[in-house]
Amino acid sequence: MSIYSDLFLTFSKIGSFTLGGGYAMVPVMEREIVDKKGWLTQEEFTDILVVAQSTPGLFAIDMASHIGYKYRGVLGGIVGALGVALPSIVIILLIALLFQSFKDNIYVEKIFMGIRPCVVALILTPCFRMAKSAKITKYNCWIPIVCALLISLFGVSPIWCIIVAGIVGFIYGKYLTTRQ
Amino acid sequence: MIFLQLFITFSKIGIFNFGGGYAMISLIQDEVVNKHHWLTTTEFTDIIAISQSTPGPIGINAATYTGYTAVINAGYPEWAAVLSAVMTSLSIMWLPFILMISISKYLIRHKDSLAVANIFTMLRPTVLGLILAAAIMLMNVENFGSPTDSTFEFIVSCTIFILSFVGTRMYKVHPILMILLCGLAGLIIY
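Protein chains in written order, with numbering that gives the first Met the number 0: chain A, 0 to 179; chain B, 0 to 189.
Just chain B, with the same shape it has in the complex (with noise of 0.2 Å):
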């Protein structure tokens, strides 16, 4: 049942995500693209770059696609999938909600415990380790084409990754003129 499935898979992903939208990327893409095929590397792909330009968490955004997309491919009619889109967003909220409201007086009063502080050095370079992993599941041939049979697009997707890396990282462009630019290149050059 593809409802319950959803609505347990986004769960578990709500629940260990630590580290912000960039850490749920490689949890998302663990369960979604790897497990489940519910969705393809390219969509997976497709879609971090329109969360990234549209407003709102990435978690969310990706919740809501998936929801959708899944139930259309497994055959469903598209009122249904609109219904498990919202139900996948809203199983992704719900289980940091209860633990939140639980433990939040708890966690005011020990903010500065050592115990916390611990586990999160150790988190931290963790959840950086997700993010390297998730960057490294997506450069496949799906993404950049394969270097031997379409040695073009190939070497065209190595540029724009070197520029968009360059770009961003040392000439601090905004992510979105990233995509847009990129968009752009694509539709001149292929």
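Chain A on its own, in the form it takes in the complex (with noise of 0.2 Å):
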């Protein structure tokens, strides 16, 4: 087999398989890759884990096309990176097709009634999971809320919220570097 076909695969495989997305890969992910096939060492695949987390775009995406880059340059990455994609568009796309003909059913939107409410507790519900790893504490509990009212209520982009944010961090921090 191919050093690109095997790639491909073995993401697909990690796309196919992990349920709850983004982080939830990255075991599998680090079993597969550095464990089994040993296409990267436990630095380096530590490293394209922590590069992923601060550079933009979805995180398994990033990982995959990171992963495949470091290993075969960039025809890697970006076979990597639709390796992991594609079980994703393929379910997606027939559910699609599915759902235009079923989308009227009367019994399938009882049962959406009944998710509704639920996929909304379902976003709430990491938020306050998330709140540790991000530090929250009094003292920044503002931003957050802030930034949500910005949002929901005055209808700012939240593309808005991110560039401010991160043109405010880095000022913050020469502020805090200059001052020591």
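In case anyone wonders, no lab produced these hints; they're calculated from the structure. Backbone N, C-alpha and C define an ideal beta-carbon position, used for all residues, glycine too. Take these hints with a grain of salt, some might be off.
25 Å max Cα-Cα, derived PhoX-like pairs, lysine-lysine [unchecked claim]:
#1 K11(B) - K104(B)
#2 K12(A) - K69(A)
#3 K104(B) - K173(A)
#4 K134(A) - K34(B)
#5 K102(A) - K104(B)
#6 K137(A) - K173(A)
#7 K11(B) - K34(B)
#8 K35(A) - K12(A)
#9 K36(A) - K104(B)
#10 K131(A) - K104(B)
#11 K104(B) - K69(A)
#12 K36(A) - K69(A)
#13 K69(A) - K102(A)
For each label pair, taking beta carbons as the anchor points, the in silico distance ranges come out as [as the list claims (entries may be wrong)]:
#14 I100(B) - L8(A): 19 to 25 Å
#15 K36(A) - T147(B): 45 to 51 Å
#16 V73(A) - V165(B): 46 to 52 Å
#17 L93(A) - F151(B): 31 to 37 Å
#18 V27(A) - Y105(B): 47 to 53 Å
#19 G74(B) - L8(A): 35 to 41 Å
Since each chain sits alone in its own frame, please combine them into the complex, following the hints.
Structure, rendered in structure tokens:
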């Protein structure tokens, strides 16, 4: 088997069997890439993890393309990214095709009427878990609150919140280092 | 031209996404539901439910579905919608990919850099705000029913919401199991 098809198949396997997206994939990738295939060392894998967390884009795609890139250059990166994305694209396309004919079905509508409030709760739950890793204290808890209000009440684009936060963080950091 | 708009919009969503799938929900919602009206709130909520119960990153799932639905709603045939779904999914990936390749060496060398750390001390709480905003904006009449016009649906929805929150937060019920239970509840109650 050629290196690229091996790369593609390994990542599409990871893509098709990991529910819950992004971070759920990390241990699976580590086992496949570092332990089984030996494409990267543990240290290289950890480096990539750090970089994927600090670059924009989908975490799983970032990881896959970066691992592929590190192992076999640009083409390896493209193959890795496509491998991890393809199962999702195919599954969702099949569901979209099916859903088109099912969506006016009264039972499907009843099921989704029950699911919709649950989805809102499922978005809210990780906020509390993430508050810990984002180091939210009584001094900075105003940031998420103000940001949420700006977006939901005043229609400010989330993109602006990201840009402003990045710039403020950078300038504040500069200010801290010059003061020392 | 809807194809070009989808391409530009999802490229933008890709490059401004820091902080994973949940943060991306807010970005997609803002562009796809609020600005371009490609999907209704209920369609969008249904996609999140489907994304959470199928494998793969939520961003890809949402991009694929939006690319398909937006083109179908605009009156194009099915094959065009399938092409658009694939194109939309790829548009979310290409900019971060180029950026990653160009700065990965620099980032690995400076992974303990103060500047990057400082930017992220501000970005992390902001991303949390983005997710909160997504949840707030989904608490609407379309998803919960109206307290005056459809009181029964509203009360059932609020109960499901509270039970789902307590279930996943306090009792660590798996999200997919929670979705299945709530779907079953909807089928029985309504």
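Going down the list of hints, with the structure as the test:
1. K11(B) - K104(B): At roughly 24 Å apart (the allowed maximum being 25 Å), K104(B) and K11(B) satisfy the hint.
2. K12(A) - K69(A): With a Cα-Cα distance of about 19 Å, the restraint between K12(A) and K69(A) holds, given a limit of 25 Å.
3. K104(B) - K173(A): It holds: about 23 Å lies between the C-alpha atoms, which stays within 25 Å.
4. K134(A) - K34(B): Status violated; Cα separation ~32 Å.
5. K102(A) - K104(B): Violated, at roughly 48 Å.
6. K137(A) - K173(A): Holds. K137(A) to K173(A) sits at ~23 Å (cutoff 25 Å).
7. K11(B) - K34(B): Holds, at roughly 13 Å.
8. K35(A) - K12(A): Holds. K35(A) to K12(A) sits at ~14 Å (cutoff 25 Å).
9. K36(A) - K104(B): The given pair, whose Cα atoms are some 23 Å apart, holds under the 25 Å limit.
10. K131(A) - K104(B): With Cα atoms ~30 Å apart, K131(A) and K104(B) exceed 25 Å; violated.
11. K104(B) - K69(A): holds (10 Å)
12. K36(A) - K69(A): OK: K36(A) and K69(A) at ~14 Å, within 25 Å.
13. K69(A) - K102(A): Roughly 44 Å between the alpha carbons, so the hint for K69(A) and K102(A) is violated.
14. I100(B) - L8(A): 19 to 25 Å: At 23 Å between Cβs, range holds.
15. K36(A) - T147(B): 45 to 51 Å: Given range 45 to 51 Å: violated, Cβ gap about 60 Å.
16. V73(A) - V165(B): 46 to 52 Å: holds (48 Å)
17. L93(A) - F151(B): 31 to 37 Å: For L93(A) and F151(B) the Cβ distance comes to about 34 Å; the hint holds.
18. V27(A) - Y105(B): 47 to 53 Å: Violated, at about 28 Å.
19. G74(B) - L8(A): 35 to 41 Å: Taking Cβ atoms as reference, G74(B) and L8(A) lie about 38 Å apart, which means the hint holds.
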